[in-house]
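Undergrad: Chain order of the listed sequences is A and B. Per the numbering used here, residue 1 is the first one in the first sequence, and the count goes up by one each step. Per the numbering used here, residue 1001 is the first one in the second sequence, and the count goes up by one each step.
In short, the hints are calculated from the structure, not lab data. Errors might be hidden in some of the hints.
[Stated by the list, open to error] In silico EDC-like cross-links for lysine to aspartate or glutamate, where the CA-CA straight-line distance does not exceed 16 angstroms:
id : chain 1 : residue 1 : chain 2 : residue 2
1  : A       : Lys61     : B       : Glu1252
2  : A       : Lys120    : A       : Glu172
3  : B       : Lys1183   : A       : Glu172
4  : B       : Lys1275   : B       : Asp1232
5  : A       : Lys183    : B       : Glu1172
6  : A       : Lys275    : B       : Asp1186
[What the hints assert, rightly or not] Simulated coverage check for chain B against chain A, where a stretch passes if three residues somewhere in it have a Cβ under 8 angstroms from a Cβ of chain A:
id : stretch
7  : 1011-1019
8  : 1061-1067
9  : 1158-1165
10 : 1185-1198
11 : 1201-1207
[What the hints assert, rightly or not] Over 12 angstroms on every C-beta distance to chain B, these chain A residues come out as not near it, computed from the model:
id : residue
12 : Thr56
13 : Gly162
14 : Asp232
15 : Val267
16 : Trp319
Quick caveat, the model's predicted, so the values are computed rather than measured. For every residue, glycine included, the Cβ atom is placed at its ideal position computed from N, Cα and C.
The primary structure of each chain is shown beneath.
Number of protein chains: 2
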Amino acid sequence: MKKNDSPEKILELLKNARNIALFTHSRPDGDAIGSTLALKSALERMGKKAFAFCDTEIGHKYNSLGFGKFFSDTPRGNFDLYVALDCGDSGRLGDLSEFFLKQTNTLSIDHHYSHISFSKYNYVVDCSSTCELVYKLLKLSGTEIDAESARLLYIGLSTDTGNFSHSNTTSEVFAIVSSLAEKGIDIADLYDKLYASSRFERTRLLGRVLGRIRHYYDGRLCLIYVTKEDFDATGTKKDDTEGFIDYAINVEGARIGVSICEHSPNVYKVSMRSKGENISEVCAHFGGGGHVQAAGCMISGFFEDVVDKLLKAVRDIVWTDL
Amino acid sequence: MKKNDSPEKILELLKNARNIALFTHSRPDGDAIGSTLALKSALERMGKKAFAFCDTEIGHKYNSLGFGKFFSDTPRGNFDLYVALDCGDSGRLGDLSEFFLKQTNTLSIDHHYSHISFSKYNYVVDCSSTCELVYKLLKLSGTEIDAESARLLYIGLSTDTGNFSHSNTTSEVFAIVSSLAEKGIDIADLYDKLYASSRFERTRLLGRVLGRIRHYYDGRLCLIYVTKEDFDATGTKKDDTEGFIDYAINVEGARIGVSICEHSPNVYKVSMRSKGENISEVCAHFGGGGHVQAAGCMISGFFEDVVDKLLKAVRDIVWTDL
Chain A
1 MKKNDSPEKI LELLKNARNI ALFTHSRPDG DAIGSTLALK SALERMGKKA FAFCDTEIGH
61 KYNSLGFGKF FSDTPRGNFD LYVALDCGDS GRLGDLSEFF LKQTNTLSID HHYSHISFSK
121 YNYVVDCSST CELVYKLLKL SGTEIDAESA RLLYIGLSTD TGNFSHSNTT SEVFAIVSSL
181 AEKGIDIADL YDKLYASSRF ERTRLLGRVL GRIRHYYDGR LCLIYVTKED FDATGTKKDD
241 TEGFIDYAIN VEGARIGVSI CEHSPNVYKV SMRSKGENIS EVCAHFGGGG HVQAAGCMIS
301 GFFEDVVDKL LKAVRDIVWT DL
Chain B
1001 MKKNDSPEKI LELLKNARNI ALFTHSRPDG DAIGSTLALK SALERMGKKA FAFCDTEIGH
1061 KYNSLGFGKF FSDTPRGNFD LYVALDCGDS GRLGDLSEFF LKQTNTLSID HHYSHISFSK
1121 YNYVVDCSST CELVYKLLKL SGTEIDAESA RLLYIGLSTD TGNFSHSNTT SEVFAIVSSL
1181 AEKGIDIADL YDKLYASSRF ERTRLLGRVL GRIRHYYDGR LCLIYVTKED FDATGTKKDD
1241 TEGFIDYAIN VEGARIGVSI CEHSPNVYKV SMRSKGENIS EVCAHFGGGG HVQAAGCMIS
1301 GFFEDVVDKL LKAVRDIVWT DL
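Sequences are here, hints too, so could you generate the full structure?
TA: Next comes the structure, spelled out in structure tokens:
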């Protein structure tokens, strides 16, 4: 990773620019959208022109919160400064990656530990969220954080910490959120919209899937699966299974949670979570990969054979003492 | 409600006492346990004797966090001061109510809006949690909040705000939690233990129930039900259905969520939630009651007749324009 520039230098870059292009990653999450739009709003209040770009559409959840209209997918004309927000590497910019890399006056604002430098200037700090970094820049600049910016920054801090449940939820995160909440945020309403609501069809699908949850190895491994028949019967799609794997890993006593989703006939997408066991190695065995506690792979075969192969790999690689 | 005494007066009472009995409500939740044990710990560090009493056992979740051992159900001997924590009325003390009301030097520390005065001294403020009030007393007293007390107060603040998701989550709540987190709290681990973990059998029961979720009135009312057969088939009990109704009210477009649980042959316990519709009136129609947005009642009859009666009552009382 390239050496960071100081927050003061970053602020100077932003202050000296008049026409700024802000980029964030494909299929943007709450932190990508929140950090980009909060910075856009602050720059505009500083009298500048600022435009937000993303190569994909804003998903249903954030679009229904009204954020889709602020993004465009095709940057036209010239800008003084090109800023990438919440992108751990240039590939995260998707179709806009090539355009961004052609520019000279580029800046990255990002919180990913694994950030690979691709900008001329960098403000990359391993912390809860890119919104935390934008908050600090705005405080340093003396720019007032208005109610809508507070809401945007809150969304990023909340979503990237799992609504204050992950280990990246620090004392500083709570202090920032306290100061944002002072501006007036309807926290209960936002929680409903960000986390609680689920389509009727998705709830039915979840029911089908959890009704047949399995456990192996004395409950140390819990497994759920979703078939094409499930999608057809409930009118759902793969996207609707987001978060289902949490139910497997959250079973009391489970150390490994597995979700198997039918991708095409006799081809299954496997997602794994663990409480510390290195399941990345298990997925690598099948040509996949990921992190120690969250990984994935594809396995071909008849469903019950796929389950057998996977259980054998877990026993061979993780629980060799069993 | 009786006029409050000042926090300074409350502190003086605590400081003047040497042998203090702390009481909290039956089937104590995170705020009851957290506020009682954090105050107990602080008083002990102030050189006093402090004992915690509760008429019921500490539930599985909090017992597995190690808190059960600090409570007893039978106060013996004499105390200088008797403190009730997190009790909106004396009835909340259950079997210990009579004993508490016989005493003269009594104090209530409580955050319930609807508090009915039953103590000589009162520190009753409508806020997030009793833990918020204990935190303020400890700050005012200058007593250091150690790591374990911070964890206890965090538990109360987190559980009574739905892990920072309800409308009682104020800027001040976040500021307090920020200061507690500085003492070192394993937030992710605590979240897992308080909210994420579910017995395997309960997860299967949830699956059975959600797999047949119903909707009525163009999706404005979502309904789930649990029968004795479900409990038998999954090895679960009524306690395992806690939180199930959230899945009904959280369906997109739902204004009313209903959960019907078989109580005994042809007798059903109905729980209702709403997004503002007055369902307390619907439950009152069947001899039950509760709050505008959360109420319950018992209805007898064959299951489908119970559903019909309930739907008719909703239409007659809430959605008369349908």
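Undergrad: Are the hints correct? Go through all of them and say.
TA: Hints, verified against the model:
1. A/Lys61 <-> B/Glu1252: holds, 11 angstroms
2. A/Lys120 <-> A/Glu172: Judged against 16 angstroms, a Cα distance of about 28 angstroms means the pair is violated.
3. B/Lys1183 <-> A/Glu172: Given that 16 angstroms is the threshold and the Cα spacing comes to 12 angstroms, the pair holds.
4. B/Lys1275 <-> B/Asp1232: Outside the cut-off at roughly 33 angstroms; violated.
5. A/Lys183 <-> B/Glu1172: holds, 12 angstroms
6. A/Lys275 <-> B/Asp1186: Status holds; Cα separation ~15 angstroms.
7. 1011-1019: Coverage by chain A is violated here, the residue count being 0 at a Cβ distance below 8 angstroms.
8. 1061-1067: violated (count 0)
9. 1158-1165: holds (count 4)
10. 1185-1198: Coverage by chain A holds for the stretch 1185-1198 of chain B (9 residues, Cβ < 8 angstroms).
11. 1201-1207: Since 4 is at least three, the answer is holds.
12. Thr56: holds, 22 angstroms
13. Gly162: violated, 8 angstroms
14. Asp232: At about 15 angstroms from chain B, aspartate 232 of chain A clears the 12 angstroms cut-off, so the statement holds.
15. Val267: Non-interface label stands for valine 267 of chain A: nearest chain B Cβ at 25 angstroms, farther than 12 angstroms.
16. Trp319: holds, 18 angstroms
Of the numbered hints listed earlier, those contradicted by the structure are 2, 4, 7, 8, 13.
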